[in-house]
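Top line first, the protein sequences correspond to chains A and B.
With this note's numbering applied, the first sequence closes on residue 289, and no number is skipped along the way.
With this note's numbering applied, the second sequence closes on residue 289, and no number is skipped along the way.
Treat the hints with care, as some may be off.
[Unchecked claim] If you want a taste of the chain A side facing chain B, the calculated C-beta under 8 angstroms gives, among others:
no.: 1; residue: G22
no.: 2; residue: H79
no.: 3; residue: L82
no.: 4; residue: V105
no.: 5; residue: A112
no.: 6; residue: V115
no.: 7; residue: L116
no.: 8; residue: C262
To be clear, the hints were calculated from the coordinates, so they are not data collected in a lab.
In this text, a Cβ means the ideal position worked out from N, Cα and C, and glycines have one as well.
Number of protein chains: 2
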Amino acid sequence: MDAVARIEQVLSAAVARVEASGAPPKLAAAIRYAVFPGGARIRPRLCLAVAGACGEDGPAVADAAAAAIELLHCASLVHDDLPCFDDAPLRRGKPSVHRAFGERVAVLTGDALIVLAFQMLAAGGAWSPHRFAELLLIISRGVGMPTGIVAGQAWECEPHVVLADYQRQKTGALFAAATCAGAAAAGADPGAWRTFGERIGEAYQVADDVRDVAADPVQLGKPTGRDAALGRPNAVRELGLAGAVRRLDLLVGEAVDSIPVCRGGDALRAQIRAEVDALLPRDLARRAA
Amino acid sequence: MDAVARIEQVLSAAVARVEASGAPPKLAAAIRYAVFPGGARIRPRLCLAVAGACGEDGPAVADAAAAAIELLHCASLVHDDLPCFDDAPLRRGKPSVHRAFGERVAVLTGDALIVLAFQMLAAGGAWSPHRFAELLLIISRGVGMPTGIVAGQAWECEPHVVLADYQRQKTGALFAAATCAGAAAAGADPGAWRTFGERIGEAYQVADDVRDVAADPVQLGKPTGRDAALGRPNAVRELGLAGAVRRLDLLVGEAVDSIPVCRGGDALRAQIRAEVDALLPRDLARRAA
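Isolated chain A (complex conformation):
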């Protein structure tokens, strides 16, 4: 089974759990709506790719870690879209959760997805309790305070923003968790994979900034120009379009160079190059160059 199919299958099983009898129906429906259809599933694919490169011996552990990371990402999107934050009308080409289900259900959807993520980890961890404890620490570090994605989002509430902290925490932290978790799921040293995740996360942020400025909103499935509208930092504003694309290339190069010696290193490097092409379509990169 390819990585995408593995991820969708394990996410399906996770979401089916919350739809049991006795569950409040609107919240159950909103959780499904927030998870399917997905975006690029880039974080869980990265997690599985690293687990594969490290020679995973128990796919259930990597599957659980990948699903947990994607559920946490979905939770962050639902809460970031709330009226008190971005008040985003659209997400993944359809109304955001609070537009479709109301603000109260959207708050609870995020909460329930966070809990579900940790539940998934526990289920997958039955296979290897020791790896599971390590995964829980890695993933909660990528999400919570003081330096996970929740911390990153909280910089939007501060009068003085430490820009590097904001970007590293808001995006990089969960990418780093994805690569470290992939390694830990396969019994490899997670610390050796942190730089790889951080650089890919930074590259992804730059690609996102370029798309926010230059992509077609219909193709993107969400409005563009949001960073300027919301006064958020954007790499294109700082470096220009061509400068941002050069920065992206540099970050991807650093990411690929940081990959530790492992069985599947070559395949992983090729996959990363392909991922980046998908992130920033060639016509967009050409226009920027």
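Following the hints, complete the assembly by docking chain B onto the known chain A.
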């Protein structure tokens, strides 16, 4: 060290973790504000009481479980108080988190507390990975979908409420998690302690309903009459004040009778009777009788 001191110590250690350098200061301050000073800490004390009654052999595991449960309870208070839910101005005798720090920080405070709860479990679980996996399942079940406190809160968004599900999920689920987790932390069978937690949770809900109708708001630290104002179910409205107090006594009796045979059974029974007296002060019970 007594139970209250143990709980405050482990909660202090948990909150200190989020205040590391690089953390967004407002969110860090709001997390501390949401956890200290606490309420009655009734759920973590129940968890430690059961662990003690079962003959706990590794206090770190029970401490972690108790702290996780209290952090999740604090998270639920912060989110339930949000403008889109109760819009509560006060909590524990001071402005609610969203009134003190703004709505955005309040959303993130709840999120960060949920993640921190699971992080605490992981840290305490290093002592015993197997018990830790079981604790994670018990606690996430008490909090998440389909039947934890997030599900309970979501019934407030439904046009047709299944009242028994609402009450069992909104309050009972985390009490049941507290007693089951206490047993699991001590290596005992958690299932044998579910009824005890559920009945105590129901009793607590009835006591809360009585206080909402009959207590002094200054002493209580939050406004009274909220159930009537928000159209929520309340045992006093259904059963009258005297009927609600009788129901409370019945539930406590059932709870105490359900306690499995264990070393510390007598001490636990005495403690529960004292807890209930503290929950519903005698003058209130007398007025109701």
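Hints numbered earlier in the text: which of these fail when held up against the supplied structure?
8
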